[in-house]
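**Student:** Respectively, the protein sequence lines represent chains A and B. Count along the first sequence from 1, then add 372; that gives the number in the numbering used here. Count along the second sequence from 1, then add 372; that gives the number in the numbering used here.
Distance condition first, Cα-Cα at most 20 Å in a straight line; then the derived SDA-like pairs of lysine to any residue:
1) B:K470 / B:R510
2) A:K470 / B:P700
3) B:K537 / B:D587
4) A:K645 / B:D543
5) B:K470 / A:P704
Simulated from the structure, these hints should not be mistaken for laboratory data.
Residue strings, one per chain:
Number of protein chains: 2
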Amino acid sequence: MFEAAELDLKLSKHEFDEQAPSVREALLEGQAQLRESPEFSVAIVIAGAEGAGKGETVNTLLAWMDARGIQSHAMGSPSSEDTERPDFYRYWRRLPAKGQIAIFFGSWYTFPVVERSFGRIDEPHFDRKLSRIVDFERMLAAENVLLLKLWLHITKKQQRRRFEKLSKDPDTAWRVTPQDWEYHETYEPFVEASAHALRRTSTGLNPWEIIPARDRRYRELTVATKLLERLDKRLEQSPRPQPQPQPLPKPAAANVINALDLSPKLAKKTYEKKLSTYQARVGRLARRMHAAGGSAVIVFEGCDAAGKGGCIRRVITTLDSRFYRVIPIAAPTDEEKARPYLWRFWRHVPRRGHIAIFDRSWYGRVLVERIEGLCAPADWQRAYGEINAFEDQLIDAGTLVFKFWLAITKEEQLRRFEEREATGFKRYKITDEDWRNRERWPAYEAAACEMVEQTSTEIAPWHLVSAEDKYWARVEVLKTISDGLEKHFGPDEDPKSKHKKRKNK
Amino acid sequence: MFEAAELDLKLSKHEFDEQAPSVREALLEGQAQLRESPEFSVAIVIAGAEGAGKGETVNTLLAWMDARGIQSHAMGSPSSEDTERPDFYRYWRRLPAKGQIAIFFGSWYTFPVVERSFGRIDEPHFDRKLSRIVDFERMLAAENVLLLKLWLHITKKQQRRRFEKLSKDPDTAWRVTPQDWEYHETYEPFVEASAHALRRTSTGLNPWEIIPARDRRYRELTVATKLLERLDKRLEQSPRPQPQPQPLPKPAAANVINALDLSPKLAKKTYEKKLSTYQARVGRLARRMHAAGGSAVIVFEGCDAAGKGGCIRRVITTLDSRFYRVIPIAAPTDEEKARPYLWRFWRHVPRRGHIAIFDRSWYGRVLVERIEGLCAPADWQRAYGEINAFEDQLIDAGTLVFKFWLAITKEEQLRRFEEREATGFKRYKITDEDWRNRERWPAYEAAACEMVEQTSTEIAPWHLVSAEDKYWARVEVLKTISDGLEKHFGPDEDPKSKHKKRKNK
Numbered sequence: 373m374f375e376a377a378e379l380d381l382k383l384s385k386h387e388f389d390e391q392a393p394s395v396r397e398a399l400l401e402g403q404a405q406l407r408e409s410p411e412f413s414v415a416i417v418i419a420g421a422e423g424a425g426k427g428e429t430v431n432t433l434l435a436w437m438d439a440r441g442i443q444s445h446a447m448g449s450p451s452s453e454d455t456e457r458p459d460f461y462r463y464w465r466r467l468p469a470k471g472q473i474a475i476f477f478g479s480w481y482t483f484p485v486v487e488r489s490f491g492r493i494d495e496p497h498f499d500r501k502l503s504r505i506v507d508f509e510r511m512l513a514a515e516n517v518l519l520l521k522l523w524l525h526i527t528k529k530q531q532r533r534r535f536e537k538l539s540k541d542p543d544t545a546w547r548v549t550p551q552d553w554e555y556h557e558t559y560e561p562f563v564e565a566s567a568h569a570l571r572r573t574s575t576g577l578n579p580w581e582i583i584p585a586r587d588r589r590y591r592e593l594t595v596a597t598k599l600l601e602r603l604d605k606r607l608e609q610s611p612r613p614q615p616q617p618q619p620l621p622k623p624a625a626a627n628v629i630n631a632l633d634l635s636p637k638l639a640k641k642t643y644e645k646k647l648s649t650y651q652a653r654v655g656r657l658a659r660r661m662h663a664a665g666g667s668a669v670i671v672f673e674g675c676d677a678a679g680k681g682g683c684i685r686r687v688i689t690t691l692d693s694r695f696y697r698v699i700p701i702a703a704p705t706d707e708e709k710a711r712p713y714l715w716r717f718w719r720h721v722p723r724r725g726h727i728a729i730f731d732r733s734w735y736g737r738v739l740v741e742r743i744e745g746l747c748a749p750a751d752w753q754r755a756y757g758e759i760n761a762f763e764d765q766l767i768d769a770g771t772l773v774f775k776f777w778l779a780i781t782k783e784e785q786l787r788r789f790e791e792r793e794a795t796g797f798k799r800y801k802i803t804d805e806d807w808r809n810r811e812r813w814p815a816y817e818a819a820a821c822e823m824v825e826q827t828s829t830e831i832a833p834w835h836l837v838s839a840e841d842k843y844w845a846r847v848e849v850l851k852t853i854s855d856g857l858e859k860h861f862g863p864d865e866d867p868k869s870k871h872k873k874r875k876n877k
Numbered sequence: 373m374f375e376a377a378e379l380d381l382k383l384s385k386h387e388f389d390e391q392a393p394s395v396r397e398a399l400l401e402g403q404a405q406l407r408e409s410p411e412f413s414v415a416i417v418i419a420g421a422e423g424a425g426k427g428e429t430v431n432t433l434l435a436w437m438d439a440r441g442i443q444s445h446a447m448g449s450p451s452s453e454d455t456e457r458p459d460f461y462r463y464w465r466r467l468p469a470k471g472q473i474a475i476f477f478g479s480w481y482t483f484p485v486v487e488r489s490f491g492r493i494d495e496p497h498f499d500r501k502l503s504r505i506v507d508f509e510r511m512l513a514a515e516n517v518l519l520l521k522l523w524l525h526i527t528k529k530q531q532r533r534r535f536e537k538l539s540k541d542p543d544t545a546w547r548v549t550p551q552d553w554e555y556h557e558t559y560e561p562f563v564e565a566s567a568h569a570l571r572r573t574s575t576g577l578n579p580w581e582i583i584p585a586r587d588r589r590y591r592e593l594t595v596a597t598k599l600l601e602r603l604d605k606r607l608e609q610s611p612r613p614q615p616q617p618q619p620l621p622k623p624a625a626a627n628v629i630n631a632l633d634l635s636p637k638l639a640k641k642t643y644e645k646k647l648s649t650y651q652a653r654v655g656r657l658a659r660r661m662h663a664a665g666g667s668a669v670i671v672f673e674g675c676d677a678a679g680k681g682g683c684i685r686r687v688i689t690t691l692d693s694r695f696y697r698v699i700p701i702a703a704p705t706d707e708e709k710a711r712p713y714l715w716r717f718w719r720h721v722p723r724r725g726h727i728a729i730f731d732r733s734w735y736g737r738v739l740v741e742r743i744e745g746l747c748a749p750a751d752w753q754r755a756y757g758e759i760n761a762f763e764d765q766l767i768d769a770g771t772l773v774f775k776f777w778l779a780i781t782k783e784e785q786l787r788r789f790e791e792r793e794a795t796g797f798k799r800y801k802i803t804d805e806d807w808r809n810r811e812r813w814p815a816y817e818a819a820a821c822e823m824v825e826q827t828s829t830e831i832a833p834w835h836l837v838s839a840e841d842k843y844w845a846r847v848e849v850l851k852t853i854s855d856g857l858e859k860h861f862g863p864d865e866d867p868k869s870k871h872k873k874r875k876n877k
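Whenever a hint applies, use it, and build me the whole structure from the sequences.
**Tutor:** Right, dumping it as structure tokens:
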């Protein structure tokens, strides 16, 4: 893989001085064009062995480009806010907005490659991490992030010489740390793991560029040229056409949603008793989850007036307000619109011990955005896989994922709309949009069925809840959460025995 | 202060059930109105001794209100990202957007009051912290944040009884921790420090409300009623009028900016020598700063084409790209516009060991926003004090603040504009706006003079740099940064002695 890069390519000062200014000028032009019509963003991954000149290269790029449109992210040790969330959280947080360039100096490759080269993970585990990277990068490409992956290559001998040279000069000796010499000792396994990673993750959309890195001038001009080529090519592409109206999907005669039995009901008395039993249980289990450092994401979807808010209220009253957050999903802000779709949900991923409750969620992509034509068919079609990958990462990081679809009939919805419009403090909930959405009921039903089919996974299943009777739905939701927490954190124990309870009365 | 609150006020269940629904309905109406025309945001501080029912009160508010427009922030132990920045960073980060309500459960009061009640700070230090709070809250009021400060009061005896009662019930025993009993022991100094804090920080705009808290029903209905009163009163206020065009300021005949000697120049050779000397020095000192856990903020202001970008480039090439960030300030995003003015700068405050370089800055408020009439006169007038307070906090947290004003003549600006339009890769820098701003030169000069007068403090002075000669300006900037770093982190030592250097040649 690195044979070509081991040819010791260099540039004389004269050659460099001759070529550099025009490359730089073209880069600045490209950057200006990118900022003027921000159709996409650029992410640059700089990788390679220690001593390959990654830092110098980043510095040169930053010095050459317009500082107003480029940022470098040195991904050193993660902060406590990062470590308490899935690995990719810190990269998601730093994804550039359209029109901007971000350099990742240290990236999503670093940790897997280092782990593998020290033999801390085996090849199958390594490959799993790499295919997650491939998925991530495919998503980036689809979401208008131009990704440039650069591997700066030096041989072991070149690395040693470089360290020795730096150590000799008192101005640069500080740059060679004992850890660098350790890395030098493990050069071979590092390069082997890297070669494996490059091979597995070099795709048509997101290829790796391997750059002979010993000679500073050659390296930097090559990096700049590669960036220029990719940038220019992408700029030449015409902007994506606006999504065209698509035929609305029609629900199958028999489907998971209309097959749901909507008849179950609870009498008020039974409801009140069950509610308080399950609320107490969820409260205790959530405390146990918190103590164990677990976390949870609870998603509520369903048509308007299905009772999401009411369920959420019954859940949160059992929880410690320090450890949960309700995240209502409405129109994205412009900072959100400028980044890949899931960015606005990643920013709300809960820390350890915390619960995030989503009132509507990332499933908007395959529901409202699909039906209202707010994204292209290709966008919502790939969303299923992206969503599954997202939830997989949450679960991998120890976050439980609960997904509730609250189902009611169209008649019940009408009844609730009318009731809300008539009565006092619920009035705030009805908008014109609610009435509009109602007209597209069959399309929403079809989209919801497909959503369940595509994203009800064994690790994060959908819970379809009959919500025709609110009492029934609330108890079902609490029971499901309680069961899920028990499964992970052990059976609930009611500190009051029945006997005691009776005695207290 | 708390005498009235020690009257043991309560509500019967009947009274509560009678009054609560209408208060809740009115609150929801108010919240809906707030969301529909988001003219302001609401921040609620819940304070009081342990056992006063703060958590329960927060839970009730959350359950009563529409979860889509309210968030609670439990300010427990700060994360590492918070502790590496000024104390107020974590509160700034969580300020609600217009239309939203945030409950601070634990707030900017907690730490000072606890520190004082344990005798870890003396009264003058305590008062200093409190007057910082007064300033912060005055800013909130001016920036359309309706602040409600609630002190839930219980007596020491009530606290003991409450802890005992909770401890007896197996369902609630977990809520009383050993730390709570410790707090019980220090009830008197805690209440004394709190009374002092309340007295010092209860202002006309942001008064404290003291609420007898022993009886849950009384407490919660009173909190809800207070919130409702303040919310309704604020909703009745008509929206602030759009800022009216103001007469442009005229510069004094003799002023700090036109008094600056713009004649100094450096010959190319001298420049190159000095540049590399100071760059090396700044590089070494920045490493030392990083190692010592210091941080720095460097602000560049000046008219268009004054050479900010060029200076920034000369500074960053000496720095390790992992530890600095260039923050270009342009139009705010909608998330930024929905929050107090300084929010968009607070979010970029550097962590320990890091440097943030601002290409334009918070001074835009008193320059472009003032001159172009983008804010009301009252807004830019109060900005001086707010900016000084902001920089004071940075410095207090160990961040060095460098502020550069690059000065050129109007003729030189024209020459540079024309040169840029003619030559290749600098073309990207000229916009129509640049030409427009140029027409208002005297107004900008007057505003800059006033800015320097008002914000050149002994802790964060302005450095007025003659930038008519770019070489001179760049060396001056590097020299100033180098001197500032030396002052704080000790004199620079060039690892290469002159003798050695000569020998190497």
